[in-house]
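The lines below spell out each chain.
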Amino acid sequence: MFGARRSGALAAAVAVVLAVAACGSGGSAGRSGPTLVIDSTFDLKTVDPAREYELTGQMLTHGMYETLLTFEGDDLGTPAPGLASAYELSPDARTLTLTLATGRVFSDGSPVTADDVVFSLQRVIGVKGNPSFLLDGVTVAKKDDSTVVLTSAEPNAALPYILPNPALSIVNSKVVTANGGTTDDKDGAEKFLNGTSAGSGPYMLKSLDVASQAVLARNPAYNGPAEPAYDTIVIRNVQAATQVLNVQKGDSQVALDLSGDQVSGLDQGKLTVTSGPSAYTIFLFLNQGADISTATSNQQYVSAVKKAIDYAGLLQVAGAGSVQPASMIPTMITGSLPAGEAPKQDLAGAAAALAASGVNGQTPKLAYPSDFTLLGLSFQTIAERLQSQLAAAGITVELAPAPVATELDNYRNGKEEMGLWYWGPDFPDPSNYLAFAPDGLIGKRANWPASAAPDIDRAAKAAASVVDPAERANLYQEFQRSLNAGGPFIPLVQPATNIVTAKSVTGAAYNPIWTLDLGAVGAAAGGQ
Amino acid sequence: MVSNPLARYLLRRLGVSALLIVGVTLVTFVLTNLVPGDPVAANLGQRAAENPATVAAYRAHYGLDRPLPVQYATYLGNLVRGDLGESQQTHRPVLTDLQSAVPATLEIAIGAIVLSVLIGVGFGVIAAVRRGQLTDSALRVVSLVGISVPTFWLALVAFYVFSFQLDLAPGSGRLAPATTAPPHVTGLYTLDALLAGEWETFGDALAHLTLPTLVLTLYTVGLLTRFTRSAVLEVLEQDYVRSARAKGLPGRTVLFRYVLRAAMVPILTVVGLAFGALLSGTVLVEEIFAWPGLGSYAYQAASHLDLPAVMGVGLFVGIIYLVINLVVDLLYGVIDPRVRIS
Chain A
1 MFGARRSGAL AAAVAVVLAV AACGSGGSAG RSGPTLVIDS TFDLKTVDPA
51 REYELTGQML THGMYETLLT FEGDDLGTPA PGLASAYELS PDARTLTLTL
101 ATGRVFSDGS PVTADDVVFS LQRVIGVKGN PSFLLDGVTV AKKDDSTVVL
151 TSAEPNAALP YILPNPALSI VNSKVVTANG GTTDDKDGAE KFLNGTSAGS
201 GPYMLKSLDV ASQAVLARNP AYNGPAEPAY DTIVIRNVQA ATQVLNVQKG
251 DSQVALDLSG DQVSGLDQGK LTVTSGPSAY TIFLFLNQGA DISTATSNQQ
301 YVSAVKKAID YAGLLQVAGA GSVQPASMIP TMITGSLPAG EAPKQDLAGA
351 AAALAASGVN GQTPKLAYPS DFTLLGLSFQ TIAERLQSQL AAAGITVELA
401 PAPVATELDN YRNGKEEMGL WYWGPDFPDP SNYLAFAPDG LIGKRANWPA
451 SAAPDIDRAA KAAASVVDPA ERANLYQEFQ RSLNAGGPFI PLVQPATNIV
501 TAKSVTGAAY NPIWTLDLGA VGAAAGGQ
Chain B
529 MVSNPLARYL LRRLGVSALL IVGVTLVTFV LTNLVPGDPV AANLGQRAAE
579 NPATVAAYRA HYGLDRPLPV QYATYLGNLV RGDLGESQQT HRPVLTDLQS
629 AVPATLEIAI GAIVLSVLIG VGFGVIAAVR RGQLTDSALR VVSLVGISVP
679 TFWLALVAFY VFSFQLDLAP GSGRLAPATT APPHVTGLYT LDALLAGEWE
729 TFGDALAHLT LPTLVLTLYT VGLLTRFTRS AVLEVLEQDY VRSARAKGLP
779 GRTVLFRYVL RAAMVPILTV VGLAFGALLS GTVLVEEIFA WPGLGSYAYQ
829 AASHLDLPAV MGVGLFVGII YLVINLVVDL LYGVIDPRVR IS
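Chains A and B, in that order, are what the protein sequence lines are.
Residue 528, in the working numbering, is where the first sequence stops; the numbers in between run on with no holes.
Residue 870, in the working numbering, is where the second sequence stops; the numbers in between run on with no holes.
Treat the hints with caution; some may be incorrect.
Claimed, not checked - Looking from chain B toward chain A, a few residues come up when the C-beta cut is under 8 Å (computed): (1) 563; (2) 575; (3) 579; (4) 581; (5) 701; (6) 705; (7) 832.
Bear in mind the hints are in silico, worked out from the structure with no lab data behind them.
In this text, all values refer to a predicted model and were calculated from it rather than measured experimentally.
Where is the CB? At the ideal position from N, CA and C, for every residue including glycine.
Whenever a hint applies, use it, and build me the whole structure from the sequences.
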């Protein structure tokens, strides 16, 4: 009896608590006006435009600030007017002249001026933060009240494609200066900008906790091209496993990080799923340093590995919506190769190349970040599949997993024999992929000097030197072809990106730079 | 000279604790710096990490350009002034981060430990008293399930069933998205909402608190049931318990005044350890419920080689265990008169 009474009391207590939970689960406290709730896995550190360079920060900053140029929707091929109504690149690609749009204002109602533009871009350079490299070698000057000139030390045809990056947002210089902002590394405005935004974008920062959530409110002074649809946008840090439940239940209206498997189980009568290849290229590289590995630095061995991989099999692992990139440049960026030119499995060719390499009995280590998933795709899974595919062709590799925080050091210092990593574009211009040229950023990590591949080096330099858009595209394609033929990099997969939205949400298109344009996200008629 | 023995004891313990805290900082500092990996690589982007000026500015900002002994001495100096450094992940003072994360975890940990003690000790006593009977077997199964079921899996299932399927519990987070947090006093949303008289916010916070608390409770209930049962059984075998029964004392008097009091010493030890574990090791549950607590903060700090944050968490957890041990030791004396403070 004694135990039964206690158990009954316990059950009653649990029931009461759950009843309270049910009463409170409506979450209506404090609601006002239409609110959009977005679930995302945060990598957020700051929303100070001059310092942020993480995906979440890019999305938030893009919603609160504007850049001189931008991209409309998912069109990355043409920089569109932003706070600058027009631009002109000089024939030598060293001078970019921008004419400011008239009448645009910050959230406090003050006009956006050329002085604000100069201050904002000089601040990005001066604080020596994560995005400072975007303006390496660039000086910024005001020509007159409505004209700003950017001058590059080297020809820089990519500059119109770099300027849409949210890190190059234009801030209200008077407000930022009054709160510790400078254009050198003495700048102390980050704390202020993490509490209050000072931009001209459709939304303003209401509150920010970089660990849990950001709340944006409609900017009443906004006079840009798109009318913001929501009074409030709440962006919450939620893991994918919980995102999938929240969006189905209606607790959130947008989920940004669901994998192909998670999306496949959703009721598409109630939710909209926008899928497509992301701009990330997952690639394998073989170190060309003979002191690192005599196997991976052997050209025939590299060829054998390229031919041994079952690319279609990797796509199955990656899930629906993913594609095989034909080059290191992903499909949506100028300079990418047609799908027909993608590397293909050739087991007979692999056997022949392996025999020709003379490599026998060696087991290179395949390093990768074991705790990392990209758009729901685990590097551990890809590495295991690669190992088994290579083994089927007689190529033995040893898996060398390590946490990303520790393995990055080996990768960046060129110590990995084979490495499985990914590249996302800093800006959607093929020049960003010169990193894979001999002596380029990633080329150095593969210990691949220009002297080892003079033809590929020439192809890269030729592409980098041209300004004419059509000729540029051709030359970058040639560079990619030469890279496929003789480089140590093997493009494997462009994983899919999935944006899941409630039917009440419109305009949720994926953009590789800022993921989602918050200002363009709308509410369907009858939705909130 | 302090004449009161309790005050003398407390002073001595505090002195030892201060030394232990310094020891904790030293061990944490050495371990975090032994990890192969460079915070610059983990926290700067690929391009920025290639720029010597950016790297130099980063190292100078976080003091990473100075020799390790100097870094450690600087840390201790700042610590005395209450400065735990700046997190490389959040760009905020670590103390500010902890002031935000700790109350979030404390809110579910306190609820979980209170429920666990009420339920787990009750179950353990019932199981011991009814040893060998059906009730005992059933409670042992409950205990085994509580201990064996992975908490993160239970969290996922509970969230799916009670929130998604049955709609008995709200979604993730500490509050509904459109609910504004109550004015910060303690950081415990339920308490702060009550202090501000915001009843709707209180209900919302309590609703969000319920499911993660119950999930954490199940494991601790399993643990406490098992320990309580074993401790009570051991006391039940003692001669003085048999004597008390032989004298004709009512069963309830024997149970509560003799048996349970004697069994409380080992139970209290487990409660202390369990509370410490709840405060420092709830990372997966926090991740599933999108609960911005200490576990999530610690995980993010470790995975990004955010050394000031790792040091801050290590220090906080060390202090928590020291305080819990001190409280438990003091309670030993209250429960068992044979334990004398000396």
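Identify every previously stated hint that the structure contradicts and give their numbers, smallest first.
-> Going through the list in order, the structure violates no hint and respects every one.
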